[in-house]
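Chemist: Sequence:
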Amino acid sequence: MAYKYKITALMILISVLAGYLSISILKFPIIGADVTTNSQGQYIVKDTPEGYWCYGKLMVGDIIVEIDGKPAADFYSVKLYDVIEGASSILLSRPGNGSELLDIYLEVDKGLKSDELVLQLVLPLTAVLILSILSLIVYRHKKGDKAAIQLILFFMSIGIAYLSSFSSGRADPVGRLALTVSFVLVPVFFILFMNRYLDRYHEKFVNRRWLNILFGIILVSISLELSNLILHNIPRGIISILKLVYFSAINILIIYKLIEKFTKHRYGPLRSLFKLTLVGHVTGFFPFIFMYAVPELFGQYIIPSHIAAIFLLTIPIVYLYMFTTKQLFDIDFLISRFQYYASLSFLPTLLLSVMAAIILSQNNYSWVNWVQLFLASYLLLILFLFVKEYADRRLRGRINKDLHNYQGSLNRFSTQISRVMNRSDLERVLEQEICQVLPVRDVSFFDIQMDQLKHVSLEKSLMDLRDSIIASFHKTSQQLSIGKIVPVDRGICIVIGIKGSVLHILWLDNKDNQTRYNTDERAWLKTLANYSAIVYENLYLIESLIEDLEEEFQRKKGSSTSPWVLRLIFRLSEKERRKLASDLHDSALQDQLLWYRQLESVMTDYEMSEDLQLKLWNIREGLLDVIHQIRETCNELRPPLLQEMGIVEALNTLFEQSQIRSNYVVDFQADNFKVKLNDEQMLAIFRIVQELLRNAGKHAQASNIFITLEEDEGICLSYKDDGVGLKLEDLKDSYHHMGLSGIKERVHSLEGSIRFKSEMGQGLEVKITLPLESPSIDMESEEDKDDSNITGG
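All residue numbers for the sequence shown refer to the numbering used here, where the first residue is 18 and numbers rise by one.
You can trust all of the hints, since none of them are fake.
Quick list of in silico lysine-lysine cross-link-like pairs, DSBU-like style, CA-CA up to 30 Å:
no.: 1; residue 1: 159; residue 2: 23
no.: 2; residue 1: 221; residue 2: 163
no.: 3; residue 1: 127; residue 2: 63
It should be emphasised that the hints constitute simulated quantities derived from the structure, not laboratory data.
Whole structure, please, built from the sequences with the hints as guidance.
Modeler: As structure tokens, this is what we get:
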């Protein structure tokens, strides 16, 4: 309760003081005239700066006789500060022609002009109101925090200093004293706040010795101001100069300490905190110190104090945000953007300034000059947009290095997901990529069923976020799509896949530096989510296909397998055969050839005994046999030049090679076969004949084989041998070997018919008919080209 009463008393005191200062500002305009005494003790006008009431009405050298009907020496502002402020009327003597003096009586305007009212009263009061609201926000959200009262005092001292500066400019004693006290307390309250705030991180902003020095300076400043009000014993301007020196020095010290802390923690978790405070402090105080205070010491400011003071309002906003939020915005991202836009804006600003100076300096200034300035600015901005487009492509990546990181990450991720075979692989690749690019410690995946949000299943590490996740997704349930980012109490959730009413969610913890995810990071995460959604969709299609295959395999005994399933199986089989043949050719065969040539070189280049020569010759012949066997294996796995030679020539080549290795003779008749087969039909016929010949050589013990290929309302293949034959009831469907039952399934895959005729000792006869128009799809052309590399040496 005592804390609440202190805040209430502070707000009442601030309100009363603000009311008094407002009345003092409203009562009179700032006259702005400085006076000094001559040798006769008269007060003469020393300066009449432009922009104030005195400009054009008073002249340097005017003798001030009376103010408000009293001698000038008795008027309080002249007596205390050597200025004319708060006067209603002025009687002056102005030298005329010769030694004659002219008496002039002037009435000072009552109230303020509209522009003065806004600049000198509305803006300062608005600042005080805003700072009061910010103080109430701090009190409401952080009333138990010891740093809260220091932050509130810091806010209110800025507001009172801003408002009292205009009352002080009117030489109001209360305004002068309020400005002195609040002005010297602003940096002190800031230091006290930073000390309290950094206690939670076991850090100290400044030590106690510095605080004692600052409190001593405050007592001296207040004592000097009171002494001047009472005793009038301090020369005019000394106090103002001392205050400016103090304020500039103490803020330079603060900035130095912020830089020191940032340097110390530049690689730690407090890096963003100190960088934010440093940037906020520099932004707020730089214009006042280096555009007004320091130049004023040399007699010429760059911008007036009331304009420079407006920048001070950025400081409370920055520190309120820092004090009340759990996450800071990414200051590095903001600085990189500022550097980029500042570099782009410099040249147009320079050109606009030069053009404006040239156009507005013309003697015959008129509306034509405004048109010229408008056209010049318009054309320059058009040109600037073209330059910006070029700069976005060529320069932005050099200034913002993270752009290259994100692009490289996307390229790397797209390469990795091409090898993903299941959901766990995708999640592993996604987690690795995110942890490699972002400073995130924890990543998790879970599913949400939108019609059963309350039953969401989470890992133990996320159970404390359960209510927040349910509430956040319930609130945004109508806006969810791939890449949607949903903030939760700790971290963010991203939709990376959707299947019906089920959402696949990626959860990311807060970043280690406690900053929010910036625009580039969010765009990068959305792109990763879109990539992931495509992979999820492909995985769903594969799962669906596997389910269909399982249904086919689980059919009851006696049912025939669908032709499309058989075609898929044979197609996959052929793909693996081609891959194996290519691997054998590119690795084992090439190695054997290399060793063969090295052996030949040794046998011809070196002298050796006949016995060693014979042994090496036998090894060389053995290598040739292995090379020949590998080539034959490659040819069997992938028929050489099948598409180029055609089925008839390919079969003739097969028969020639098989008759060399076996004891049978093949009689092949296909003189009248002119049908143009597609790739799958051609390969199927070749494999069928290849399997029949293998069966004839291994099992049938045939001596003569008769094969006919012809066209008779379809593709007709006839096979007959004089082998031992077999019992037809022994034929069984099986996918575990490529026997006669495998031939049957291959024919069935092309929706053809097959008939076996055989008896023990009577050989085997096979009749196969395939439709001319095969329902299958041609094999992919890129997988079939360049057959010669399998059979080449």
